[in-house]
Each structure stands twice: as C-alpha cells, then as structure tokens.
Amino acid sequence: NTGLLYHAFDEAKGQRWADPQTGLSPHFWSRSIGWYFMAVLDVLDFLPTAHPDRLSLIKIVNDLALCLVSYQDETGLWWQVTDEKGREGNYLETSGTSMFAYSLYKGIRLGFLNNKFLDFADKAIEGIKKLYLFKDDKAEYHLDGICSVAGLGGNPYRDGSFKYYICEPRKLDDFKGVAPFVLALLEGEKLKEV
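Everything in the sequence shown is counted per the working numbering, starting at 1 for the first residue and increasing by one.
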C-alpha cells in the first residue's frame, strides 16, 4: 500500500483501464491527487467546526501530506506518474507539484498540518522556479512542464498505461499549471502573515 490515490475508479469494472477485481486505474497521477488534496482542504473552509466528519477530513489531509512528501524528488517537484521516480519517460510535472505546495501551505496556515511540511512546500516552489519558470526576451514570465491532459477512456481511447501518461503533450503556460502555481504562491504569502 503506497498511501497514494489512484487516478480513477470504475465501479462497473468494465473499462479496459480498470482492474477487473478492484475497478482501479493502474497508476497514480500527480495532478489527480492534487485536485483531491486541494478539494479536501477547500471543503474544510466551509465545514462547521462541530461537523461529525471534520476530523476524518483533517486526518485525510495529514495522511496524504505524510505520504506525498516521501515521493517528492530532490528537485522539489513531484513526478507525472507519482510513484515512478526516474522511470524512463516520466518527468517532473508542474501542475501536480503546484497543487501539492498549495495544499501543504494551506494545511499549515489553517492549523491542520505541522510546520514541518513548510520545507517541502517551499522546496516545491523553488524547484518550479528553477526548472520551469522563465522570462522571455520581452521580460514576460512563462511556466513550462505542464501536462496538457490525462483523462481515461473516451475516443480515442486512453488506456491509463504508463506510456499514456508520459506521452500526453506538455504545454507552456497552460492554466491547469499556472493557476495552482499562483494559488500556491498566494498561500505561501498568506502563511507569512499568520
């Protein structure tokens, strides 16, 4: 058990990408985990303090944070296929990394996560800046290393294989990477004000 969350689940177990016993997709995609992590924290913004499920959501935040930091690369980023560090074709991906940084910062700011996670969030942001943020000759900033899309099923059929995840196009300045990067920067700044 990795502690990571699979990209998808097919209750009917009928999709070709789904495990016939569990219905789970075969891989862990960082951006899908990032969406989940952000969503749990954002739900906690609106869930009353006395809500009976609040503590279970806070536990999810802590468990996921503990798990994710063990997969962080030395560069500070996370891999496109989260648990396949260094596998040929896998790459350090911006959107998932930004979502994890946002979630770590926000979890700390709201008091759900220990301050020990701050170093991991800071390292993620610094890694993105070093590897993928650059200024062009017009002095405009750009963000690279963003997976364009990685859905499953559909037409043409997306099979959820490792090859599928690493062969999807990477885009410059894609909003699915820029937006969480900006949100992470804002959460980092908010944390300094606390």
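Just so you know, these hints were derived from the structure itself, not from any lab. Be aware that a few hints might be false.
What the hints assert, rightly or not - Quick list of simulated restraints, FRET-style, between CB atoms: (1) Phe9 / Cys67: 30 to 36 Å; (2) Tyr157 / His51: 39 to 45 Å; (3) Ser148 / Glu88: 18 to 24 Å; (4) Leu131 / Cys67: 19 to 25 Å.
Unchecked claim - Restricting the straight-line Cα-Cα distance to at most 20 Å, the calculated cross-link-like pairs of lysine to aspartate or glutamate (EDC-like) are: (5) Lys190 / Glu84; (6) Lys13 / Asp144; (7) Lys129 / Glu88; (8) Lys130 / Glu193; (9) Lys176 / Asp42; (10) Lys163 / Asp63; (11) Lys176 / Asp144; (12) Lys123 / Glu74; (13) Lys130 / Asp42; (14) Lys130 / Asp174; (15) Lys192 / Glu84; (16) Lys123 / Asp45; (17) Lys192 / Asp173; (18) Lys135 / Asp119; (19) Lys116 / Asp63; (20) Lys129 / Asp73; (21) Lys130 / Asp73; (22) Lys138 / Asp173; (23) Lys135 / Glu88; (24) Lys116 / Asp174; (25) Lys190 / Asp173; (26) Lys163 / Asp19; (27) Lys129 / Asp159; (28) Lys192 / Glu126; (29) Lys176 / Glu126; (30) Lys171 / Asp122; (31) Lys85 / Asp73; (32) Lys190 / Asp144; (33) Lys176 / Glu140; (34) Lys123 / Glu140; (35) Lys59 / Glu84; (36) Lys163 / Glu88; (37) Lys129 / Asp42; (38) Lys135 / Asp159; (39) Lys116 / Asp159.
Glycine included, C-beta positions come from ideal geometry on N, C-alpha and C.
Okay, the hints, checked on the actual structure:
Range check, Phe9 to Cys67: Cβ separation about 18 Å, and the 30 to 36 Å hint is violated. Distance hint check: the CB atoms of Tyr157 and His51 are about 41 Å apart, consistent with the given range 39 to 45 Å. Taking the beta carbon of each, Ser148 and Glu88 are about 20 Å apart, inside 18 to 24 Å as hinted. One distance hint, 19 to 25 Å for the beta-carbon pair Leu131 and Cys67, holds here, with the actual separation near 23 Å.
Taking the CA atoms of Lys190 and Glu84, the gap is about 33 Å. The hint is violated against a cut of 20 Å. Distance restraint check for Lys13 and Asp144: the Cα-Cα separation of roughly 36 Å exceeds the 20 Å cut-off, and the hinted pair is therefore not satisfied. Of the supplied pair hints, the one linking Lys129 and Glu88 is violated, its CA atoms being roughly 24 Å apart against a limit of 20 Å. Proximity of Lys130 to Glu193 is assessed by CA-CA distance (about 25 Å); at most 20 Å being required, the pair is judged violated.
A hinted pair counts as satisfied when its Cα atoms are at most 20 Å apart, and Lys176 with Asp42 qualifies at roughly 17 Å. Using a Cα cut-off of 20 Å, the hinted pair Lys163 and Asp63 is violated, with the two alpha carbons roughly 29 Å apart. Between Lys176 and Asp144 the CA atoms are separated by roughly 11 Å; this keeps the pair inside 20 Å, and the hint holds. For the given pair, Lys123 sits about 9 Å from Glu74 by alpha-carbon distance, which is consistent with the 20 Å threshold.
Between Lys130 and Asp42, the direct Cα distance comes to roughly 28 Å. Violation of the 20 Å bound is thereby established for this hinted pair. For the hint pairing Lys130 with Asp174, the CA-to-CA distance comes to about 18 Å; that is within 20 Å, so the pair holds. Restraint check: the Cα-Cα separation between Lys192 and Glu84 comes to about 33 Å, which exceeds 20 Å; the hinted pair is violated. About 25 Å separates the Cα atoms of Lys123 and Asp45, which puts this hinted pair outside 20 Å; it is violated.
Between Lys192 and Asp173 the CA atoms are separated by roughly 27 Å; this puts the pair beyond 20 Å, and the hint is violated. This hinted pair does not check out: Lys135 and Asp119 have alpha carbons roughly 26 Å apart, beyond 20 Å. For the given pair, Lys116 sits about 14 Å from Asp63 by alpha-carbon distance, which is consistent with the 20 Å threshold. As the CA atoms of Lys129 and Asp73 are separated by approximately 15 Å, the hinted pair is consistent with the 20 Å bound.
Of the pairs offered as hints, the one joining Lys130 and Asp73 holds, with about 14 Å between alpha carbons and a cut-off of 20 Å not exceeded. Between the alpha carbons of Lys138 and Asp173 the distance comes to roughly 15 Å, so the proposed pair stays at or under 20 Å and holds. Proposed proximity of Lys135 and Glu88 is contradicted: the alpha carbons are some 29 Å apart, above 20 Å. For a cut-off of 20 Å, the pair hint linking Lys116 to Asp174 is broken: about 31 Å separates their Cα positions.
In summary, the hint linking Lys190 to Asp173 is not supported, as the alpha carbons are separated by about 24 Å, beyond the 20 Å threshold. A threshold of 20 Å between alpha carbons decides the hint, and for Lys163 with Asp19 the separation of about 17 Å falls inside it, so the pair holds. Simply put, Lys129 and Asp159 have alpha-carbon atoms about 32 Å apart, too far for the 20 Å limit, and the pair is violated. As the CA atoms of Lys192 and Glu126 are separated by approximately 16 Å, the hinted pair is consistent with the 20 Å bound.
Restraint check for Lys176 and Glu126: satisfied, since their Cα atoms lie roughly 19 Å apart, inside the 20 Å limit. At roughly 24 Å between alpha-carbon atoms, Lys171 and Asp122 are farther apart than 20 Å, so this suggested pair is violated. For the hint pairing Lys85 with Asp73, the CA-to-CA distance comes to about 8 Å; that is within 20 Å, so the pair holds. Proximity of Lys190 to Asp144 is assessed by CA-CA distance (about 25 Å); at most 20 Å being required, the pair is judged violated.
For the given pair, Lys176 sits about 19 Å from Glu140 by alpha-carbon distance, which is consistent with the 20 Å threshold. Pair hint Lys123 plus Glu140 does not hold up; C-alpha atoms about 24 Å apart against a cutoff of 20 Å. Straight-line distance between C-alpha atoms of Lys59 and Glu84 comes to about 26 Å, which puts the hinted pair past the 20 Å bound. Proximity of Lys163 to Glu88 is assessed by CA-CA distance (about 10 Å); at most 20 Å being required, the pair is judged to hold.
At roughly 25 Å between alpha-carbon atoms, Lys129 and Asp42 are farther apart than 20 Å, so this suggested pair is violated. Between the alpha carbons of Lys135 and Asp159 the distance comes to roughly 36 Å, so the proposed pair goes past 20 Å and is violated. The straight-line distance between the Cα atoms of Lys116 and Asp159 is roughly 38 Å, outside the 20 Å bound, and the hint therefore fails.
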